[in-house]
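Here the protein sequences line up with chains A and B, keeping their order. Read in order, the letters of the first sequence correspond to residues 10 to 188 in my numbering. Read in order, the letters of the second sequence correspond to residues 343 to 788 in my numbering.
Calculated directly from the structure, the hints in this document are not laboratory data. Any given hint could turn out to be false.
Stated by the list, open to error - Computed list of lysine-lysine pairs in DSS-like fashion (alpha-carbon distance at most 30 Å, straight line):
(1) B:K386 x A:K122
(2) A:K15 x B:K625
(3) A:K86 x B:K477
(4) A:K94 x A:K161
(5) A:K94 x A:K15
(6) B:K477 x A:K180
(7) B:K625 x A:K12
(8) B:K477 x B:K386
(9) B:K748 x B:K556
(10) B:K560 x A:K180
(11) A:K160 x B:K625
(12) A:K180 x A:K86
(13) B:K555 x B:K477
(14) A:K15 x A:K160
(15) B:K625 x A:K180
(16) B:K748 x A:K180
(17) B:K560 x A:K86
(18) A:K160 x A:K12
Claimed, not checked - From the structure, some residues in chain B lie toward chain A, with a derived Cβ separation under 7 Å:
(19) G362
(20) P384
(21) I385
(22) L630
(23) L642
(24) S669
Even glycine gets a Cβ: it sits at the ideal position worked out from N, Cα and C.
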Amino acid sequence: MSKFWKIADNIESYICRTLLAIFVCLLFLQVVVRTLFSFSFSWIEELSVYMFVWFVFFGASYAAKMGAHNRVTFQFKFLPPGAIKYIEAFADLFWLAFNVVFVYLAIDFIFNKMNKFQSSQTLGFHLSWVYIVLPIAFTLMTIRILQVNYKKIVLKEDMRDPDAIDLDAIKAETDATKN
Amino acid sequence: METQIIFILFGSFLLLLLIGAPITVALGVSTLISFIVLEDNPIKFVQIAFTSVGSFPLMALPAFILAGALMESAGLSRRLINVAESFAGPFTGGMSAAAVVACLFFGAISGSGPATTAAVGMLMIPAMIERGYSKGYSSAITASAGGLGIVIPPSIPLIIFGIAALGMPPPPAAVEAHGTFQTVSIPKLFIAGFVPAFLIAGSLLVMNYILAKKNNYKGTSEGWSARLIWCELYRGFWALMAPVVILGGIYSGFFTPTEAAIVAIFYTLVVGTFIYREMSWEKLFTALETTTWLTGRVLLIMFTATVFGRLLVENEIPAVIAQGMLSFTDNIYLIWTLVIFFLLFVGMFMETLATILILVPVMLPVAYSMGIDPIHFGVVMICTLGIGFQTPPLGENLFIASGISKISIEEISLKALPFAFINTVAIFVIAFFPEISLWLPRFFGY
Numbered sequence: 010m011s012k013f014w015k016i017a018d019n020i021e022s023y024i025c026r027t028l029l030a031i032f033v034c035l036l037f038l039q040v041v042v043r044t045l046f047s048f049s050f051s052w053i054e055e056l057s058v059y060m061f062v063w064f065v066f067f068g069a070s071y072a073a074k075m076g077a078h079n080r081v082t083f084q085f086k087f088l089p090p091g092a093i094k095y096i097e098a099f100a101d102l103f104w105l106a107f108n109v110v111f112v113y114l115a116i117d118f119i120f121n122k123m124n125k126f127q128s129s130q131t132l133g134f135h136l137s138w139v140y141i142v143l144p145i146a147f148t149l150m151t152i153r154i155l156q157v158n159y160k161k162i163v164l165k166e167d168m169r170d171p172d173a174i175d176l177d178a179i180k181a182e183t184d185a186t187k188n
Numbered sequence: 343m344e345t346q347i348i349f350i351l352f353g354s355f356l357l358l359l360l361i362g363a364p365i366t367v368a369l370g371v372s373t374l375i376s377f378i379v380l381e382d383n384p385i386k387f388v389q390i391a392f393t394s395v396g397s398f399p400l401m402a403l404p405a406f407i408l409a410g411a412l413m414e415s416a417g418l419s420r421r422l423i424n425v426a427e428s429f430a431g432p433f434t435g436g437m438s439a440a441a442v443v444a445c446l447f448f449g450a451i452s453g454s455g456p457a458t459t460a461a462v463g464m465l466m467i468p469a470m471i472e473r474g475y476s477k478g479y480s481s482a483i484t485a486s487a488g489g490l491g492i493v494i495p496p497s498i499p500l501i502i503f504g505i506a507a508l509g510m511p512p513p514p515a516a517v518e519a520h521g522t523f524q525t526v527s528i529p530k531l532f533i534a535g536f537v538p539a540f541l542i543a544g545s546l547l548v549m550n551y552i553l554a555k556k557n558n559y560k561g562t563s564e565g566w567s568a569r570l571i572w573c574e575l576y577r578g579f580w581a582l583m584a585p586v587v588i589l590g591g592i593y594s595g596f597f598t599p600t601e602a603a604i605v606a607i608f609y610t611l612v613v614g615t616f617i618y619r620e621m622s623w624e625k626l627f628t629a630l631e632t633t634t635w636l637t638g639r640v641l642l643i644m645f646t647a648t649v650f651g652r653l654l655v656e657n658e659i660p661a662v663i664a665q666g667m668l669s670f671t672d673n674i675y676l677i678w679t680l681v682i683f684f685l686l687f688v689g690m691f692m693e694t695l696a697t698i699l700i701l702v703p704v705m706l707p708v709a710y711s712m713g714i715d716p717i718h719f720g721v722v723m724i725c726t727l728g729i730g731f732q733t734p735p736l737g738e739n740l741f742i743a744s745g746i747s748k749i750s751i752e753e754i755s756l757k758a759l760p761f762a763f764i765n766t767v768a769i770f771v772i773a774f775f776p777e778i779s780l781w782l783p784r785f786f787g788y
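Extracted from the complex, chain A is given alone in its bound form:
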């Protein structure tokens, strides 16, 4: 069971790494084929763009899980560190509300508003298969926001800033190559 949760906890990362690897390889194939045989697969460009859209929104959910979405924090400089997480949690309520509205709009659009004939040009499938990533990824993101705030406020964990540069690691690497 714990293995299941470990996979579920990193699900976006697995999905995104796979998508990224596939569309990078597809595009490389396209470049090679074009250069060597001056020929191109019409479906590669379209398919890779759709995979890219999926990659972006799952990636956004993964960034939410890491607490990576940029905030302006200069105004918090003079507040006690303990207070900041409560203010940010309050701000995250707006994020949750936005996501709920957006998921509703996306579902409404996909199932009720989309043109029946709105299909992919080269692949033939209906575009709702691409759009479906929006409600899924934004629901996941909503769960991630709750998860992060639960960790910060209830479990009192310190989230690592993903943008922080680990100077010790870089120093170790620089020293290792010098000798």
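On the provided structure of chain A, position chain B as indicated by the hints.
Positioned in the frame of chain A, the structure of chain B alone reads:
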């Protein structure tokens, strides 16, 4: 109605930023509120979520981020720093000049100011101190040069600007007043950014020479070490070829930027695995993961900033701003001055890519109505935002440099002031003389 919507949109946006909401949320929520007030159909959000992100040129962004991450873990970037270091030689201020050049190389690949400062600084700051440079000076020059990378093509901020500007055609009134504008494209921006980037680097080198002379930072007495230079060039050959492949491919028109980045990824994988032998599955997975969250974060802002921008344009808000500016002055130099100081100010507080995405829909239509060329505007905007890395209060480069040299941020920022000053002068030169940015693309026939 218009003024009321400006008030609601920008008011709620700033308020949300102030309480610490993520930038993307502040954009999305303030736009949603305005949609509700205007009784506009918010279903547009869903379509824009798809169309703003689903474009082929935009795929250059994850491809370049991945290429940069791989070049770092495969050891290509570090070899470039070593090449630059070997050229330090007997000049006055040679070592710090080498640090600037190393930042130029490394920054072009990594596209991140703080990462450049960290990697270059870790090697060069101790090397400078060893040669008798003061700790404050060595940290200041590295922190100042660390921001250069975002200007040098292939630059991620330029890609973001290009994509954002593509969705902003010149308003008809501006075309009527100033004639047709050239279209924006990423290769064109890359070529246009070339000369300005070297102008800024050159201004840093000049300031470095003056200060080094004053402080008496001499080079080594042995003179050039041809053997060392040859040795580093030999070891760094494949790393030096990477920018040649990328930029050569784009400039010759052989590759689109997206394709060039894809080729760079496979080039790095081959060099890193078979020649430098530093690549591993673990490093590859880490690079894929870094690309995931960096791209997801930026492009979520892309989505909300596009709806935000669409709302602005539909309500002709940039036209209102342009009118306000024109009624104040119609002197183009004065307008540039205002724009540059505004960008310097915003760049101090907000992340670069987010700033570009938010400000392009607001400022580019204004620039059009002043008759400013969009390519020229983009280059000046990116160059100016690069300075934000080296100025307090949020200059990330200063924090990194201070972490390496263990000198207080205050001292480094004081020592970095001359460099920020000369950079600003260079930016004014670039802004006042459009030809600096525009002649090279024209020369190449773009």
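Hint check:
no. : hint            : result
1   : B:K386 x A:K122 : 11 Å, holds
2   : A:K15 x B:K625  : 21 Å, holds
3   : A:K86 x B:K477  : 27 Å, holds
4   : A:K94 x A:K161  : 7 Å, holds
5   : A:K94 x A:K15   : 26 Å, holds
6   : B:K477 x A:K180 : 17 Å, holds
7   : B:K625 x A:K12  : 23 Å, holds
8   : B:K477 x B:K386 : 54 Å, violated
9   : B:K748 x B:K556 : 24 Å, holds
10  : B:K560 x A:K180 : 27 Å, holds
11  : A:K160 x B:K625 : 28 Å, holds
12  : A:K180 x A:K86  : 29 Å, holds
13  : B:K555 x B:K477 : 16 Å, holds
14  : A:K15 x A:K160  : 16 Å, holds
15  : B:K625 x A:K180 : 18 Å, holds
16  : B:K748 x A:K180 : 14 Å, holds
17  : B:K560 x A:K86  : 41 Å, violated
18  : A:K160 x A:K12  : 20 Å, holds
19  : G362            : 5 Å, holds
20  : P384            : 6 Å, holds
21  : I385            : 6 Å, holds
22  : L630            : 4 Å, holds
23  : L642            : 4 Å, holds
24  : S669            : 31 Å, violated
When each numbered hint is compared with the structure, violations occur for hints 8, 17, 24.
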